[in-house]
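Could you put the whole structure together from the sequences, leaning on the hints where they help?
2 protein chains.
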Amino acid sequence: MPRFRLILEYDGAAFVGWQRQDNGDSVQAALEAAALAYSGGAVQVLASGRTDSGVHALAQVAHLDLPRDDPPQTVRNALNAHLKPAPVAVLDCQPVADDFHARFSCLGRCYLYRILERPAPLVLARGRAWWVPPGRGGRLDAEAMAEAATHLLGRHDFTSFRASQCQADSPLRTLDGLSVRAVEGGLEIRAWARSFLHHQVRNMVGTLKLVGQGKLAPGEVAIILAARDRARAGPTAPPEGLYFAGALYPDAALVGADFGAPPPGWADGKSRADSSR
Amino acid sequence: MPRFRLILEYDGAAFVGWQRQDNGDSVQAALEAAALAYSGGAVQVLASGRTDSGVHALAQVAHLDLPRDDPPQTVRNALNAHLKPAPVAVLDCQPVADDFHARFSCLGRCYLYRILERPAPLVLARGRAWWVPPGRGGRLDAEAMAEAATHLLGRHDFTSFRASQCQADSPLRTLDGLSVRAVEGGLEIRAWARSFLHHQVRNMVGTLKLVGQGKLAPGEVAIILAARDRARAGPTAPPEGLYFAGALYPDAALVGADFGAPPPGWADGKSRADSSR
Chain A
271 MPRFRLILEY
281 DGAAFVGWQR
291 QDNGDSVQAA
301 LEAAALAYSG
311 GAVQVLASGR
321 TDSGVHALAQ
331 VAHLDLPRDD
341 PPQTVRNALN
351 AHLKPAPVAV
361 LDCQPVADDF
371 HARFSCLGRC
381 YLYRILERPA
391 PLVLARGRAW
401 WVPPGRGGRL
411 DAEAMAEAAT
421 HLLGRHDFTS
431 FRASQCQADS
441 PLRTLDGLSV
451 RAVEGGLEIR
461 AWARSFLHHQ
471 VRNMVGTLKL
481 VGQGKLAPGE
491 VAIILAARDR
501 ARAGPTAPPE
511 GLYFAGALYP
521 DAALVGADFG
531 APPPGWADGK
541 SRADSSR
Chain B
271 MPRFRLILEY
281 DGAAFVGWQR
291 QDNGDSVQAA
301 LEAAALAYSG
311 GAVQVLASGR
321 TDSGVHALAQ
331 VAHLDLPRDD
341 PPQTVRNALN
351 AHLKPAPVAV
361 LDCQPVADDF
371 HARFSCLGRC
381 YLYRILERPA
391 PLVLARGRAW
401 WVPPGRGGRL
411 DAEAMAEAAT
421 HLLGRHDFTS
431 FRASQCQADS
441 PLRTLDGLSV
451 RAVEGGLEIR
461 AWARSFLHHQ
471 VRNMVGTLKL
481 VGQGKLAPGE
491 VAIILAARDR
501 ARAGPTAPPE
511 GLYFAGALYP
521 DAALVGADFG
531 APPPGWADGK
541 SRADSSR
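Same order as they appear, the protein sequences are chains A and B.
271 is the number of the first residue of the first sequence in this note's numbering; add one for each residue after it.
271 is the number of the first residue of the second sequence in this note's numbering; add one for each residue after it.
Hints in this document: simulated from the structure, not taken from any laboratory.
Hints may contain errors.
[Said to hold, decoys possible] Which residues of chain A face chain B? A partial, calculated answer using Cβ under 10 Å:
(1) Met271
(2) Leu278
(3) Arg346
(4) Asn350
(5) Pro357
(6) Val360
(7) Leu394
(8) Arg396
C-beta: ideal position from N, C-alpha, C; glycine also.
Structure follows, in structure tokens:
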């Protein structure tokens with residue numbers, strides 16, 4: 271059976287998350303239902319990284335094996351037709367070798383987190399960013415947040431930024447990149463790693479926001495990290511600002527959205543070594 | 271009673287349009303209800319330009335008189351609190367002189383129309399742009415569309431681009447600017463005029479799209495305009511791509527969103543002469 275690699279966009283608000291669950295609609299179940307309707311086969315769709323309820327994807331990478339060998343554009347269009355009206359779209363479909371595995375071949379994942387700062391609640395971008403109204407101190411201090419982010423780079427025990435329900439065997443992870451960039455109306459935070467702990471990106475963002483508000487000094491983030499205590503870090507940032515933005519594969523460079531300059535090592539198809547979740 | 275000028279953002283999909291109507295929720299009614307709840311007064315809110323059902327605003331300009339004289343930030347925050355959960359936000363509130371009238375003082379209106387081109391249906395931008403999948407000829411030809419647009423500039427009888435239900439006394443309008451710009455993933459079309467006929471922007475966009483697809487030559491748009499026959503022009507572009515983007519007032523320059531370089535005459539607070547609708 272031919273294997274295809276998909277690049278997917280979805281609106282996380284409509285789903286309990288990527289992974290098939292009993293308590294609601296998942297992106298995986300929507301895709302598998304579309305693949306069944308199109309191909310007649312009970313097809314499994316596997317993603318590079320599972321996303322939580324409410325978390326979006328600009329470019330999730332997945333693969334599936336189909337019992338029919340159509341041109342990839344036909345597969346893309348057929349899946350999109352059967353996905354309606356679920357807010358999931360197949361942006362790209364490519365034939366890949368049988369040993370390509372969206373999850374186990376993946377060498378790195380990247381996320382984008384969007385913060386919009388203005389006094390008025392979000393309307394046209396509602397559900398697409400974290401709304402942070404400017405406080406008495408004004409807008410978030412992007413430079414202080416960027417400085418704080420440097421303390422998180424590298425291989426660490428990320429217990430302070432790990433959800434209590436995280437099922438990973440180890441709290442050790444290697445954070446390859448964490449950038450903070452001021453953009454029109456707000457901030458964009460990008461995170462690159464081989465893999466992340468549960469809620470790690472959102473917990474890092476929630477902590478960086480406290481730095482941006484002047485409630486934490488940048489250097490305190492190093493102390494919070496060293497404490498290995500979830501209670502020391504900031505609150506979990508809401509899911510609506512988070513986007514799965516791309517994945518790294520051997521010899522394939524980055525697959526996914528344009529998310530800025532990747533950290534060293536990523537451009538040549540390598541990331542630092544961590545075990546995959 | 272103090273008068274305030276508001277800049278508003280709204281999601282047109284939730285409304286029958288700007289103007290209060292019997293058959294559904296209007297932006298005007300949502301604002302007047304919020305103003306009543308806040309101030310205790312039966313307040314009328316008037317806008318620079320009425321928008322149709324489904325048409326968004328990045329920056330609609332409106333005014334209202336309030337029976338209480340609070341600081342403008344207080345007015346903005348109170349209106350936003352009472353507007354919840356309607357998808358309308360007051361971005362800005364400023365005290366203005368009693369002779370400021372959002373509609374009758376307005377010297378020009380500008381609209382933005384967004385087209386997104388890709389094979390996959392829109393997900394994260396669903397309802398925020400016109401989805402135009404690339405045809406056999408590929409992407410829309412922005413240069414041909416820009417050339418076609420020049421034939422519409424100036425003072426003309428726009429009957430070919432006027433909705434049959436248009437209630438304006440005259441089909442004569444002066445189009446000050448009509449730009450077509452290729453952007454990441456699609457096109458942005460901007461239109462500037464003292465006033466527009468009903469559906470004029472969407473009918474011009476629907477016709478320019480045919481030029482972009484090679485179904486009309488740029489010069490044919492001049493022939494369509496001269497024909498004064500609605501049946502000769504293209505179909506009406508859907509409302510979800512259209513945004514009210516700003517308004518021009520005497521001595522105030524442009525009030526509203528950043529919508530590119532305005533046409534000649536606009537920068538110094540003038541637009542060409544047309545009667546207001």
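Open item on the list: A closest beta-carbon separation below 10 Å is what the hint needs, so does Met271 of chain A meet it against chain B?
Closed with: Cβ of Met271 of chain A sits 23 Å from chain B, so the hint is violated.
Task: Restraint check, 10 Å cut-off on beta carbons, for Asn350 of chain A near chain B - done: Where the cut-off is 10 Å and the nearest Cβ of chain B is about 6 Å from Asn350 of chain A, the hint holds.
Open item on the list: Under 10 Å is the threshold here; is the Cβ of Arg396 of chain A close enough to any Cβ of chain B for the hint to stand?
Closed with: holds (7 Å)
Open item on the list: Next item in the hint list is Pro357 of chain A. Is there a CB on chain B closer than 10 Å to its CB?
Closed with: holds (5 Å)
Open item on the list: Is the interface hint satisfied for Arg346 of chain A? The criterion is a beta-carbon contact with chain B at less than 10 Å.
Closed with: This hint holds: Arg346 of chain A lies near chain B, its Cβ roughly 7 Å from the closest one there, short of 10 Å.
- [ ] Let me know if the C-beta of Leu394 of chain A comes in closer than 10 Å to any C-beta of chain B, holds or violated.
- [x] It holds, given that the least Cβ distance between Leu394 of chain A and chain B is near 6 Å, below 10 Å.
- [ ] Please verify that hint: Val360 of chain A, Cβ, nearest Cβ of chain B, below 10 Å or not.
- [x] With a closest approach of 6 Å, the Val360 of chain A hint holds.
Task: Restraint satisfaction for Leu278 of chain A [CB to CB of chain B, less than 10 Å] - done: For Leu278 of chain A, the interface hint holds, since the closest Cβ of chain B sits about 9 Å away, which is under 10 Å.
When the structure is compared with the earlier hints, a violation turns up for hint 1 alone.
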